[in-house]
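Trainee: Letter by letter, the chains look like this.
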Amino acid sequence: MDYLFLTGASSGVGRELAVYLSGSYNLIINGRNEERLSETKALCKNNVLIWPYDLTNTTRIEDDLSQWIKGNDISIVSFVHCAGLMKMMPLRSVDSKILYDTFATNVFAPELITKVLTSRKINGKNLKSVVFISSNISNRGAAAFSVYGASKSGLDGLMRNLAIELAPGVRVNSVLPGGMITEMTKDLFSDENVKKQFEMNYPLGIGTPADIAPAVEFLLSDSSKWITGQQFVVDGGRTIDITERNRL
Amino acid sequence: MSEKEKLALLEETFDVDEGALNPEMLLNDIDEYDSMTKLSLIVMVEEEFGKKLTGAEIKGFKTVQDILNVMV
Ligand SMILES: NC(=O)c1ccc[n+]([C@@H]2O[C@H](COP(=O)([O-])OP(=O)(O)OC[C@H]3O[C@@H](n4cnc5c(N)ncnc54)[C@H](OP(=O)(O)O)[C@@H]3O)[C@@H](O)[C@H]2O)c1
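Just so you know, the sequences run in chain order A and D. Counting in our numbering, the final residue of the first sequence is number 248, and the numbers go up one at a time with none missing. Counting in our numbering, the final residue of the second sequence is number 320, and the numbers go up one at a time with none missing.
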């Protein structure tokens, strides 16, 4: 069985994806927290290898990942980038550190990882499909989201350009989830008013990581073999709604 | 950190002039104390004091002094 490389697997959506996809793939799971990665591994079927690594280490990641893949002698057919950093921050609080950390995690890392996984020396021509977990903010805007929002737009820009550059060998798409309660958003949702507001704004209600997994599986599989360079919005109808639900 | 330094940090967070804030002021009377300022406050308190303010804590703040009290 071939391997799928999955970042962000220690938490939230990534952990759900690991468990869901472990029926059809062997997995390489990444995050920084080894203990939580081991917990994820224990929930999975098939072979699971753990690669603990801080994705903001952009100067070393290519070499370190290449060595690790060579050392394990594996072939990787799919890559899902689910790791993400989201810090709500008004413009006046933004500094170069948060910009760097956010873009390194959300944009630079997936580009550099895709580079390694499409290197013939490292992974032959094994890579077939890439899915980036973006966000429904990617084509929109919100106050206090300039850093995160710009990074997700950047990620989708990366997705479209790689889709063309890597065709026909590799398909590249992204999934744009809407609000779900995970580690990333639990502080936000701990405010009852915010939660109520979200529930009102989502025609299909607030989602869960389990709602994302089948979309990712579809984009990885041959069922989507004529689809590349696309944003697949999975957000309970949030961003196509033009009615003012909070007035209803 | 002295109270003076804390006030200076808050003035930066509120984006108001130096010396514009004093501990007795009611937050409700300060125009600049809006939702973006509250978010900036969360970021500042986390960065400078390593604490995560909750929505409930923020709702509980009535005066500038209430905020100074958590800046430890
Ligand atoms: N939750 C939502 O409402 C929502 C909505 C739209 C889009 N999304 C997107 O969905 C994805 C997953 O989000 P989530 O809600 O599951 O968030 P989460 O629970 O906070 O998980 C984030 C994951 O990213 C990993 N990560 C963060 N920084 C890293 C770094 N420097 N190096 C390596 N790994 C790093 C974390 O691993 P470690 O902590 O172990 O390093 C963790 O596994 C993200 O891309 C997010 O932007 C989420």
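No lab work stands behind these hints, which were simulated from the structure alone. Only a predicted model underlies this, so the values are computations on that prediction, with no experimental measurement involved. Positions of the beta carbon are idealized from the N, C-alpha and C atoms, including for glycine. Some hints could be false.
Straight-line C-alpha distance at most 27 Å; calculated DSSO-like pairs for lysine-lysine [as the list claims (entries may be wrong)]:
(1) D:K286 / A:K87
(2) A:K196 / D:K307
(3) A:K97 / D:K310
(4) A:K195 / D:K307
(5) A:K195 / D:K310
(6) A:K128 / A:K45
(7) D:K300 / A:K196
(8) D:K286 / D:K307
(9) A:K41 / A:K186
(10) A:K225 / A:K125
(11) D:K252 / D:K307
(12) D:K252 / A:K196
(13) A:K87 / D:K300
Incomplete in silico selection of chain A near chain D, CB under 8 Å [what the hints assert, rightly or not]:
(14) N57
(15) R60
(16) M88
(17) E165
(18) S190
To be clear about the criterion: a stretch of chain D counts as covered by chain A if any three or more of its residues have a C-beta under 8 Å from a C-beta of chain A, and this derived list gives those stretches [said to hold, decoys possible]:
(19) 264-275
(20) 298-312
Trainee: Now, for every hint given, state plainly whether the structure supports it.
Mentor: We went through each hint and held it up to the structure:
| no. | hint | in the structure |
| --- | --- | --- |
| 1 | D:K286 / A:K87 | holds (14 Å) |
| 2 | A:K196 / D:K307 | holds (17 Å) |
| 3 | A:K97 / D:K310 | violated (32 Å) |
| 4 | A:K195 / D:K307 | holds (16 Å) |
| 5 | A:K195 / D:K310 | holds (24 Å) |
| 6 | A:K128 / A:K45 | holds (22 Å) |
| 7 | D:K300 / A:K196 | holds (22 Å) |
| 8 | D:K286 / D:K307 | holds (10 Å) |
| 9 | A:K41 / A:K186 | holds (23 Å) |
| 10 | A:K225 / A:K125 | holds (17 Å) |
| 11 | D:K252 / D:K307 | holds (24 Å) |
| 12 | D:K252 / A:K196 | violated (39 Å) |
| 13 | A:K87 / D:K300 | holds (12 Å) |
| 14 | N57 | violated (22 Å) |
| 15 | R60 | violated (26 Å) |
| 16 | M88 | holds (6 Å) |
| 17 | E165 | violated (37 Å) |
| 18 | S190 | holds (6 Å) |
| 19 | 264-275 | violated (count 0) |
| 20 | 298-312 | holds (count 4) |
Comparing the model with each earlier hint shows violations of hints 3, 12, 14, 15, 17, 19; every other hint is respected.
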